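Peer 1: Sequence:
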Amino acid sequence: MGHLTQKERLFVVKEAQKPNKKLSTIARALSCDRRTVSHVLGRFHETGLLIDQEKPGRPTALTDSQQKLLDKYISKHPTATANQLSNYVFNTFGIRVSGRTLQRYRRTLGFCPRKQHIKVKSTQGQVEKRHLFAVQHQNSNIKKWIFIDETQVQLRNTGTIVWVKRGEPTPIHEISSLRAYVNLWGAIWWNGKTFARYDNYINQTIYQQLLEYHLGPYIHKCRRYAVAQDKLRSHWTKPIRQWFEDHGLQLLDWPPHSPEFNAIEYVWHSLKEMVRMAQPKTQAELEAAVDEVCLLISQKTVQGCISHISTLLKEEASN
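Throughout, the working numbering is defined as the position within the sequence shown, counted from one, plus 7.
Some clues are possibly wrong.
[Unchecked claim] Straight-line distance between alpha carbons at most 30 Å, and here's what the computed DSSO-like set of lysine-lysine pairs gives: (1) Lys151 <-> Lys228; (2) Lys75 <-> Lys21; (3) Lys136 <-> Lys200; (4) Lys245 <-> Lys136; (5) Lys228 <-> Lys321; (6) Lys151 <-> Lys307; (7) Lys238 <-> Lys288; (8) Lys21 <-> Lys83; (9) Lys14 <-> Lys75; (10) Lys14 <-> Lys83; (11) Lys150 <-> Lys200; (12) Lys228 <-> Lys307; (13) Lys279 <-> Lys321; (14) Lys200 <-> Lys75; (15) Lys151 <-> Lys238; (16) Lys28 <-> Lys14; (17) Lys150 <-> Lys228; (18) Lys200 <-> Lys307.
Honestly, the hints are just simulated from the structure, not real lab data. Just so you know, these numbers come straight off a predicted model, no measurement behind them.
Build the full structure now, drawing on both the sequences and the hints.
Peer 2: Okay, here's the thing in structure tokens:
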């Protein structure tokens with residue numbers, strides 16, 4: 008089969024994978040003998056190669072140049088599965104490499120798995136508002152900002168990865184209900200923090216009660232602070248705006264779709280991870296875990312999250 012080029016051999020393999028494709032038909036398309044086509048397929052199925060090697064056996068690695076191309080492909084397609092990478096390698100280099108081998112290549116090249124963040128796509132106008140906000144506040148003293156937000160901690164998010172030997176059953180983490188959850192409100196600032204659970208959905212009445220009972224006791228320490236909160240309707244009703252004004256707090260004109268500028272979002276991430284590690288199994292255990300973690304969140308953690316916002320604002324303003 009020496010007279011066939013690598014491209015022609017790749018054609019043989021691809022055509023042979025089509026249903027009801029005869030070897031004689033492939034041979035006629037390439038003007039070669041049927042035995043040549045059979046030899047190409049036999050070599051490929053035996054070694055995963057399209058060309059003969061002096062040394063038998065499957066190659067142990069891609070060449071440096073092939074690895075560089077694979078690196079670029081993964082960077083451009085970060086969600087590609089191992090099977091998709093295997094198909095890419097075959098279609099590009101004519102080499103059959105298993106998905107497991109490509110998983111090792113991916114890690115060797117420096118890639119590691121991460122959970123992809125979901126973000127609502129912003130309009131051009133929203134992007135411009137976010138940039139203008141960053142420009143206006145890049146040099147603001149955010150140590151005098153109060154960051155407020157709500158989140159929901161769900162029981163189904165508390166599962167953990169387990170490692171078991173091949174053939175052994177996967178341990179089951181039993182919970183009382185998949186609907187167990189906790190609604191949590193919080194406010195953080197450089198020298199303080201406060202959290203509270205609430206029932207049902209947030210509305211003006213509940214929100215004002217949260218402010219009165221849980222932020223109110225600290226207000227005397229936060230005179231003339233600015234308040235960072237999203238544009239949820241219940242956050243901006245006339246009575247709520249009046250409450251902030253009466254307590255000497257300035258509401259920031261928060262840009263839409265900008266949770267990355269709210270420091271408490273990063274506190275929520277840490278809090279949920281700590282709750283997950285507690286592995287609660289019931290609604291009561293979930294509530295207890297949330298209450299305990301709220302007490303364990305350190306002021307140093309809060310300050311780190313707030314400092315991060317200062318960096319983000321400067322980066323956005325410089326773009």
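Peer 1: Please go over all the hints and tell whether each is borne out by the structure.
Peer 2: Now the hints, each set against the structure:
Distance restraint check for Lys151 and Lys228: the Cα-Cα separation of roughly 10 Å lies within the 30 Å cut-off, and the hinted pair is therefore satisfied. For a cut-off of 30 Å, the pair hint linking Lys75 to Lys21 stands: about 25 Å separates their Cα positions. A hinted pair counts as satisfied when its Cα atoms are at most 30 Å apart, and Lys136 with Lys200 qualifies at roughly 28 Å. With a C-alpha separation of about 23 Å, the suggested pair Lys245 and Lys136 falls inside the 30 Å cut-off, and the hint holds.
Proximity of Lys228 to Lys321 is assessed by CA-CA distance (about 27 Å); at most 30 Å being required, the pair is judged to hold. For the suggested pair Lys151 and Lys307, the alpha carbons sit about 16 Å apart, so the restraint of at most 30 Å is met. With a CA separation close to 34 Å, the supplied pair Lys238 and Lys288 exceeds the 30 Å bound. Between the alpha carbons of Lys21 and Lys83 the distance comes to roughly 25 Å, so the proposed pair stays at or under 30 Å and holds.
With a C-alpha separation of about 21 Å, the suggested pair Lys14 and Lys75 falls inside the 30 Å cut-off, and the hint holds. Annotation: proposed proximity of Lys14 to Lys83 holds, straight-line Cα distance about 25 Å (limit 30 Å). About 13 Å separates the Cα atoms of Lys150 and Lys200, which keeps this hinted pair within 30 Å; it holds. Using a Cα cut-off of 30 Å, the hinted pair Lys228 and Lys307 holds, with the two alpha carbons roughly 18 Å apart.
The straight-line distance between the Cα atoms of Lys279 and Lys321 is roughly 28 Å, inside the 30 Å bound, and the hint therefore holds. Restraint check for Lys200 and Lys75: the C-alpha separation of about 48 Å exceeds 30 Å, so the hint is violated. At roughly 20 Å between alpha-carbon atoms, Lys151 and Lys238 fall within 30 Å of each other, so this suggested pair holds. Under the criterion of a C-alpha separation no larger than 30 Å, the hint pairing Lys28 with Lys14 is consistent with the structure, at around 19 Å.
Annotation: proposed proximity of Lys150 to Lys228 holds, straight-line Cα distance about 12 Å (limit 30 Å). Under the criterion of a C-alpha separation no larger than 30 Å, the hint pairing Lys200 with Lys307 is consistent with the structure, at around 11 Å.
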